[in-house]
Amino acid sequence: MDTEVRAEVIKQHLIDPEICIRCNTCEATCPVGAITHDDRNYVVRADVCNLCMACIAPCPTGSIDNWRTVPRSLAYPIEDQLTWDELPSELTPEQLAAEGVSADEVAAVAAEPVLAVMPEAAAGEAPFNSAAFGSTVPPWSAAHAYTNLFGPKSPTSATVVGNVNCTEAGFHSQTHHIVLDFGPIPFPVLEGQSIGIVPPGVDGHGRPHVARQYSVASPRNGERPGYNNVSLTVKRVTEDHQGRPTRGVASNYVCDLKVGDTVQVIGPFGQSFLMPNHPKSHIVMICTGTGSAPMRAMTEWRRRLRKTGKFESGKLMLFFGARSREELPYFGPLQSLPKDFIDINLAFSRTPGQPKRYVQDLIHERAADLARLLADPNAHFYVCGLKAMEEGVLLALRDAAGEKGLDWEGVVAPGLKREGRLHLETY
Amino acid sequence: MAIDYSQKIPNNVNLADDRTLQRALEQWQPNFINWWDDVGPENSTNNEVYLRTATSVDPQGWAHFDYVKMRDYRWGIFLNPADAERKIDFGDHKGEKAWQDVPGEHRANLRRIIVTQGDTEPASVEQQRHLGLTAPSLYDLRNLFQVNVEEGRHLWAMVYLLQKFFGRDGREEAAALLERTSGDANNPRILGAFNEKTPDWLAFFMFTYFTDRDGKFQLAALAESAFDPLARTTRFMLTEEAHHMFVGESGVSRVLQRTAQVMNELKTDDPALVRAAGAIDLGTIQRYLNFHYSVTIDLFGADQSSNAATFYSSGLKGRYEEGKRVDDHVLKGQTYKVLEVQNGQLAEKEVPMLNALNEVLRDDFIKDSVAGVGRWNKVLEKAGIATRLVVPHKAFNRKIGALAGIRMSPEGRVVSEEGWKQKEKEWLPSPGDFAFVASLMRAVLEPGKFAAWIAPPAMGINKNPVEFEYVRFG
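Protein chains in written order, with the working numbering: chain A, 342 to 768; chain B, 132 to 605.
Source of the hints: derived by calculation from the structure; they are not laboratory data. Keep in mind that a hint or two might mislead.
Said to hold, decoys possible - Straight-line Cα separation of at most 25 Å, BS3-like style, residue types lysine-lysine; simulated pairs:
{"no.": "1", "chain 1": "B", "residue 1": "K139", "chain 2": "A", "residue 2": "K758"}
{"no.": "2", "chain 1": "B", "residue 1": "K455", "chain 2": "A", "residue 2": "K494"}
{"no.": "3", "chain 1": "A", "residue 1": "K758", "chain 2": "B", "residue 2": "K594"}
{"no.": "4", "chain 1": "B", "residue 1": "K594", "chain 2": "A", "residue 2": "K728"}
{"no.": "5", "chain 1": "B", "residue 1": "K498", "chain 2": "B", "residue 2": "K480"}
{"no.": "6", "chain 1": "B", "residue 1": "K139", "chain 2": "B", "residue 2": "K295"}
{"no.": "7", "chain 1": "B", "residue 1": "K468", "chain 2": "B", "residue 2": "K498"}
{"no.": "8", "chain 1": "B", "residue 1": "K347", "chain 2": "B", "residue 2": "K225"}
{"no.": "9", "chain 1": "B", "residue 1": "K295", "chain 2": "B", "residue 2": "K228"}
{"no.": "10", "chain 1": "B", "residue 1": "K530", "chain 2": "B", "residue 2": "K498"}
{"no.": "11", "chain 1": "A", "residue 1": "K758", "chain 2": "B", "residue 2": "K200"}
{"no.": "12", "chain 1": "A", "residue 1": "K352", "chain 2": "B", "residue 2": "K594"}
{"no.": "13", "chain 1": "B", "residue 1": "K498", "chain 2": "B", "residue 2": "K509"}
{"no.": "14", "chain 1": "B", "residue 1": "K509", "chain 2": "B", "residue 2": "K347"}
{"no.": "15", "chain 1": "B", "residue 1": "K200", "chain 2": "B", "residue 2": "K218"}
Hey, can you work out the whole structure from these sequences and the hints?
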């Protein structure tokens, strides 16, 4: 996974001083100390807030849920926020343009969802909102995840010990498998968690680059078992989502790293996209492209434990989409996994002479098996990849449930969410 | 941390492993439901209310919204996560490990603290039971019911402590919490303010602003307690309590907004004209404020109290935000200024800090209250109205402590008994004020519609629109 945190434009988290009652709940809740107050106002430090949303639900007033699109260089400092009687209005396109921010950039930031929690009661009337189905709690048998050991102000460093291509297409497809070693520094990560890499240097406004998050692709005991290292799956960004040429600062930095280089790392992040660890637990993995990183981690951990027999009747099921076979990360190693260990379903959308196939098509084909798993409390579902796939995947799962007479809206979906059995990570 | 909702009593304290306690609570539960049916929100049994329920005590599970019939609300026992290493932060036991059980020598005092706190929770539900019949909107009705179910849950929180840690005495006290009734001549609630009537919605907003804020300060002081289960329980209750203060602060704010609007439309500050237009005049609002403020600051107890000193030194009850204070957290040999009456006049007197801890907490409360009144004044300022609300003097209308009985104007001038009688109607709500406000109280139950004396809120609950159907009538 590689959620880009844009360097130029951000959605700044602010508290509405007209509605806030200064109850201190947000400050007491914030896990990273981003919220503070004086006798007048409660305020959020833009450079500390990691958008974890922990403060949103407990706020009794709703004043906490306010956002302004601003160039990072113009983010409101807390010294200003402390003097406010009301929120500033949104900057106009003209004001943003004067700061060198294009309308496209603003639209891209504005389109990013900042809220993971959606109103559920109105689900019947509201348009289908796939993000609302994701769990915010881990499976009950997940291992304890450590988070935020190293923040943006105190990153740690890691050494690059590997950087190889991980597709059959060679470096042409530009997807890299990077291995980082932490040496003696504790950096415990679980499958499904992510870490942040801080590119060196400054952005166009002279501000340090912000970190970019990547899911780890290695299991908890290291890319190489017993070593303090992790691997990442990183695709070099050479064009944006609309296909226009652009150069991703962080992905190019990471893909160009040489063995022996040192990188600044923050994290770990994530405490719900975690795998179940109880016997007979099933894992259904649905991903595209570099969204395969956490799936590789989970699969590898189960593979390493296979000899113990602990997970004998637990199924692994993988739905994996890419443009072509050659661009599929880890295609080779994937093919050598035993069929009785993992049930692999691949979809290619750009194979010449073949109809386009997407992961949701595969889900429709396997609807009968998936419906059984949806109804099984031991089965856990993970979705990771481009944002665009999320809705299609969720609708396909809903259809799979419906075909078998399961009540998606009333029973299956709330159960998946409540029990930490459906996890979404899209970007 | 997850709450086990498969149990009859949802909890995160492994209730299933403690059969004695489980039996005791399961016996208490039907009595609680009977109490709710008897003196809980009137005429509400079939309503489906859009309520918030916690599904775990971490931020993600904190707020789950759905339609619930109130007597089916999942009341239960939720404690903040334990910290095995937690140390006592103040008093003679400072630096020692927090207690997981009740030390014998503090048993009586702790029970008294818990019973006093517990008694306020059902009391306010009883005080507010008629308000549902005259709600100014569905939005407000929902907020009232949310406050009511959370007060009910706070009762559960205290009853858990009594039954788990205080044996037979605790079970008897738990039963008695359901037997006392607010305003009952024979068996009243323990504290004065909780036997006063909450006759109308302006009183309700003032009550949730001031009196529930007393709750916040008491809970915050108990959240410092060396008795760890009490600290963890009250820490979680504080998050719920914040909602009650929101209802109060935004409620009064919306009343002011509407009043200011009417004054501007009519270009008048004549109370009679404002009243005739169906809004509440600023004088009446100020008098309600004076009443609720003065009754509430009495709740902090006598200004000098050896009990307060004992509670602190023995680690039972800390100060508000103990952890943020920079002193020795033992307070021996330190002093604090309190007010007393000398020769008919107010005079400051320095007393040992430990004995003045009620006054310290009262002063913290006053500072917090004044800040919110300042935000109300912002509403008037924004509307171009010159009048400002003020909190009365600390010695105004006191019934408890060294200032009880002295006749004092809201500005802090000592007055004669005769002078008080002449002015009382200007300083405290009169029967005429109550009658006028009562005349405005009529239920408005159409989604999105609001009574004429109150402005709509700036936003709805849980990102729903203001006109959302917050209560469905069965």
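Outcome of the hint check:
| no. | hint | in the structure |
| --- | --- | --- |
| 1 | K139(B) <-> K758(A) | 22 Å, holds |
| 2 | K455(B) <-> K494(A) | 24 Å, holds |
| 3 | K758(A) <-> K594(B) | 20 Å, holds |
| 4 | K594(B) <-> K728(A) | 23 Å, holds |
| 5 | K498(B) <-> K480(B) | 20 Å, holds |
| 6 | K139(B) <-> K295(B) | 17 Å, holds |
| 7 | K468(B) <-> K498(B) | 16 Å, holds |
| 8 | K347(B) <-> K225(B) | 24 Å, holds |
| 9 | K295(B) <-> K228(B) | 20 Å, holds |
| 10 | K530(B) <-> K498(B) | 21 Å, holds |
| 11 | K758(A) <-> K200(B) | 23 Å, holds |
| 12 | K352(A) <-> K594(B) | 19 Å, holds |
| 13 | K498(B) <-> K509(B) | 17 Å, holds |
| 14 | K509(B) <-> K347(B) | 24 Å, holds |
| 15 | K200(B) <-> K218(B) | 41 Å, violated |
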